[in-house]
Amino acid sequence: MSVVAKMDHAQFRLIIPSQTRYLNLVTGLAKRASLVAGMDDATAAKVSIAVDEAVTNVIIHAYHGEGEHSVELELRFTDTALEIHIWHSGQGIRGDQMVLPDPKEYIKHPRKGGLGLLLMSRFMDEVQFKADEVSGRNECCLIKKIS
Amino acid sequence: MADLSIAVRQVGEVAVLLPTGFINAHTVREFEEALEGLVQGGRYTILLNCKDLNYISSAGLGAIMGLIETVREHGGDILLSNLQDNVFAIFDTLGFTQLYRVFGEEEQALAATAPGQKG
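Sequence lines, in order, name chains P and C. Under the numbering used here, the first residue of the first sequence carries the number 20, and numbering increases by one thereafter. Under the numbering used here, the first residue of the second sequence carries the number 562, and numbering increases by one thereafter.
These are calculated hints, taken from the structure and not from any lab test. Watch out, some of these pointers could steer you wrong.
Listed below are the simulated DMTMM-like cross-link pairs for lysine to aspartate or glutamate, each with C-alpha atoms no more than 25 Å apart in a straight line [as the list claims (entries may be wrong)]:
| no. | chain 1 | residue 1 | chain 2 | residue 2 |
| --- | --- | --- | --- | --- |
| 1 | P | Lys-149 | P | Glu-93 |
| 2 | C | Lys-612 | C | Glu-591 |
| 3 | P | Lys-164 | P | Asp-144 |
| 4 | C | Lys-612 | P | Asp-59 |
| 5 | P | Lys-164 | P | Asp-59 |
| 6 | C | Lys-612 | P | Asp-60 |
| 7 | P | Lys-164 | C | Asp-646 |
| 8 | P | Lys-164 | C | Asp-653 |
| 9 | P | Lys-149 | P | Glu-91 |
| 10 | C | Lys-612 | C | Glu-593 |
| 11 | C | Lys-612 | C | Glu-597 |
| 12 | P | Lys-164 | P | Glu-102 |
Covered by chain C, per the in silico footprint, the following chain P stretches (three or more residues, Cβ under 8 Å) [claimed, not checked]:
| no. | region |
| --- | --- |
| 13 | 75 to 86 |
| 14 | 98 to 108 |
| 15 | 135 to 141 |
| 16 | 146 to 159 |
Think of the CB as a built atom: it goes at the ideal place given N, C-alpha and C, for glycine as much as any other residue.
Model the full structure from these sequences, guided by the hints.
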């Protein structure tokens, strides 16, 4: 029998103003975190895009483009996955409101918008939306498993 | 380095647009303005050479989608070339490689737009 020390879960937080100028900073961090978690370059790039889409949704839709709010991100490294939790106090979206466009219909009838959620769901293993009624905050949780 | 810079040059009937950097919600207006400027100037065949494009989010995809019908109605098209792997993954994941003609190299795209080669 061998004993393997269990890796302590690590997590840290970043709070940014609700401004798109910081998107590049956040996606760069997400990509680096994915590499640290053991993902390859291609997977890390997909995680960074999913985070871009999630934070953009918060800034543009939850906060309606108002730049004086804050977006809080927490990266959690577990033994099996990288979890990215994104909190905000703007307008929330429930899981049952997450309607994904059909790519085939999109191709037949090209139009702007609606692709962010689709990219998030395709590039991550889990996408969850939660609301905390006590604090009034909303959360988007992105999970990418480490294979 | 700026998040996005865009160079445009004309090669015959084709406007070649070279974005360098990132197209996301922060930079998309600049990208849209470049595309709209070409269309308003009557240049309906547009090649996006993406060799220096590090990534494009749905905001950028929307900008392209918003003009594809207009350019095709005028007999033009939007073509893509030199996609980096992660950018190709975005287009391919969404099925957009069926909507746009994608080429490995700019020269191949230009050859495909030569008279008698369209479609």
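Hint by hint, here is what the structure shows:
1. Distance restraint check for Lys-149(P) and Glu-93(P): the Cα-Cα separation of roughly 15 Å lies within the 25 Å cut-off, and the hinted pair is therefore satisfied.
2. Restraint check: the Cα-Cα separation between Lys-612(C) and Glu-591(C) comes to about 18 Å, which is no more than 25 Å; the hinted pair holds.
3. At most 25 Å may separate the alpha-carbon atoms for a hinted pair to count; Lys-164(P) and Asp-144(P) meet this at roughly 7 Å.
4. Simply put, Lys-612(C) and Asp-59(P) have alpha-carbon atoms about 21 Å apart, close enough for the 25 Å limit, and the pair holds.
5. Taking the CA atoms of Lys-164(P) and Asp-59(P), the gap is near 12 Å; set against the 25 Å cutoff, the hint holds.
6. Restraint check for Lys-612(C) and Asp-60(P): satisfied, since their Cα atoms lie roughly 17 Å apart, inside the 25 Å limit.
7. For the proposed pair Lys-164(P) and Asp-646(C), the alpha carbon gap of about 21 Å is at most 25 Å, so the pair holds.
8. Distance hint between Lys-164(P) and Asp-653(C) is fulfilled; the C-alpha atoms sit about 22 Å from each other, no more than 25 Å.
9. Our distance criterion of 25 Å between C-alpha atoms is met by Lys-149(P) and Glu-91(P), whose separation comes to about 14 Å.
10. Of the pairs offered as hints, the one joining Lys-612(C) and Glu-593(C) holds, with about 19 Å between alpha carbons and a cut-off of 25 Å not exceeded.
11. Distance check on the hinted pair: Lys-612(C) and Glu-597(C) sit about 21 Å apart at the alpha-carbon level, within 25 Å; holds.
12. Restraint check: the Cα-Cα separation between Lys-164(P) and Glu-102(P) comes to about 8 Å, which is no more than 25 Å; the hinted pair holds.
13. For a cut-off of 8 Å, the count of residues in the region 75 to 86 of chain P with a CB near a CB of chain C stands at 3, and the three-residue condition holds.
14. Counting residues of the region 98 to 108 of chain P whose CB lies closer than 8 Å to any CB of chain C gives 0, which falls below the minimum of 3, so the coverage claim is violated.
15. Counting residues of the region 135 to 141 of chain P whose CB lies closer than 8 Å to any CB of chain C gives 4, which reaches the minimum of 3, so the coverage claim holds.
16. Counting residues of the region 146 to 159 of chain P whose C-beta sits closer than 8 Å to any C-beta of chain C gives 0, which falls short of three, so the coverage hint is violated.
Hint compliance for this structure: hints 14 and 16 are broken, all remaining hints hold.
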